[in-house]
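Just so you know, the protein sequences line up as chains A and B, in that order. Start counting the first sequence at 1; every next residue gets the next number (this note's numbering). Start counting the second sequence at 1; every next residue gets the next number (this note's numbering).
No false leads were slipped in.
So the derived list for chain A, only partly shown, Cβ under 10 Å to chain B, looks like this:
| # | residue |
| --- | --- |
| 1 | Leu6 |
| 2 | Ala123 |
| 3 | Val130 |
If you are wondering where the hints come from, they were derived from the structure by calculation, not from laboratory data. Built from N, CA and C at the ideal position, the CB exists for glycine as well.
Take a look at the letters that make up each chain.
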Amino acid sequence: MKQHRLKRLYGVLFIVFCSALAFVLVYFAIRDNVNLFYSPSDLFESPPQGRNAIRAGGLVEIGSLRRSKDSLEIEFIITDLKKSIAVNYTGILPDLFKENAGVVATGYFDKNKMSLDAYQILAKHDENYVPKEVKKALEK
Amino acid sequence: MFQALKNFYHKLGSFPWFYKISGKVIPIVGFFSILLIVISSIWGLFFSPTDAVQGDVYRIIYFHVPAVSVSQVIYYSMSVAAGVFLIWRMKMAGVYIKSLAPIGAAFTFIGLLSGAIWGQPTWGTWWVWDARLTSTLVLFLFYLAIIGMQSTFASRKSADTAVSIITLVGVVNLPIVKKSVDWWNTLHQPASISISGESSISSEMLIPLLLSILGIYLFVFFTGLLFMRAEISSREQNKEWFKKLSSNN
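Pulled out of the complex, with its shape left as it was, chain B reads as follows (with noise of 0.2 Å):
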């Protein structure tokens, strides 16, 4: 079992297989992927019932979630990529950073908009500089660094370095993100879904969020495959392994 991880690790190391299988799996995840997006868009937004406080204006919500959750795991998965950076010098978790950076900060900044079209017809105010938005804010910025930095270096290898090392430094700011609703008096309410206990949102309404959630999920994974494929293709060209694929097509 640990030598099968082991091997496994080993293989998504390598250029070349990564190109291989991530080409087989893109259209399968793609199409999973926009077909849960459809569904829990339509149902979200014309089936699930409307809320008895905010009235319809709450469906946002199928939007909102899922973008500011999946911001959130990328961070960390790029947090861990940094680890792997840093410690086997794994060419493959620099490619995963540079290419993930841009979907997490596009995803952050839906979640930042999409919060402050909900907040101005239910709360009041576009913006309210309380821990959650402040910190959320934060976490768009340390991807705007992180994306900023890629092209400040002239060897790629200490741009990944650098990029790793900023990477690990925001990652702290990612448990103050999640649990600043419950340690601070804050304007934005806490969770609402709970793995551990019941959520405290019906059941009608929790499901059509938990396949938007899916959905945006496998987006994530399909345009991040997308990407780590463009920026391997970029960096690979002149290599053997790659000239020999193209020359084959």
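This is chain A alone, in the form it adopts within the complex (with noise of 0.2 Å):
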């Protein structure tokens, strides 16, 4: 390569590392904040202080769903299979929420009973898509 094209070579990679560099920095000044929610294990380790919402996010423990007979109340447990805590939640429930699939709850966290009042539910739903006649079949 000739030499003024292997300097401006030189510019181009110092662009891009550059650029990396400012992702990395800022990444550094959020990392406490980029995962979207905490695992039950997480909220164990180091339960959140003050008293701001938090999103809790892991499966819907197989059995806990309770649901209210009269209204939309209901209480389940979010667990990552270490760790779990109570979720108790009044609304409208997203279509792919179920037992023993992903969910992320958002709310405020009480420490001492380990529960999260929770005012709103999103639904996490995995990677893997089957037809339902093999779904059926594979249960069978």
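Join these two chains into a complex; the hints should help.
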């Protein structure tokens, strides 16, 4: 490569390097907030301070879902298969919400009871796509 | 072999050569891209099986995945062009970036929009500030910056230089878009298609998806050539070769 082009190549690499450095610095500044939610283990390890709303995420524990008979109130347990926290919520649920499926709940955390008073429930679905008929056949 | 590649590279930089060849390629690529998009859409919307968890709403995958996938590939190719422009001063690279940026922006927008429409019934929200969604929005903003910057310079050369630099600054965001779902807790799920390992989407759903991806890639190839020809005609309209060409027709 000719001398002047080599020099420009270094210029190009320098731009990419500086930009990468900027992204890394931003990442270090916000690294506690990059994750969308805390897992139950995170919450046990370092319970959030203050009165701000937090998000907790994991799986809805099998057999933990309780629905109220005369209102939209529900209770369930979020687990990451190591630790678990209780969640209560009143309102409409997304289509994919069910036991043993991923969930992200936003709300106020009670450190003493290790429970979350949620005002928003989001369903998290996994990367698996299986035809309905195949799944039925597998379950038989 | 190396010499042939080098010759091809030099030819690629030639406006008259590109104009002639692209004129022949465009109808063929256009035909196959439309054909594939029609086939994969019908296959995906009516014939591929219903998903066990999501039901029929998952069918938006046949638009969402091709759009976001091609929007990232376009940006990667634009940053290669940006490097070529800055190092070799190849004018064609400037034409490439200017022509492909609006296409990339359009597909990023389609990806964000289809993702929001998909997210509302399944996740329960249109938008959430998780790492995947936010980094994709950043990608969209880089596209807008590249488009906006084109017209803020008096000379074509300084515009192409500045745009190339901005493109290179944004390329760092692409690995973040790709790996965000693996590195952090996000609402968006990890990738379903894997090139090296086994895909986590059943083959009956995967085949129309791969066809739709191929269709969109060809469509971008098709529109990219069209836009580049238009850009070349506007830049070269006073040149001898272009006048000769238009007087012949």
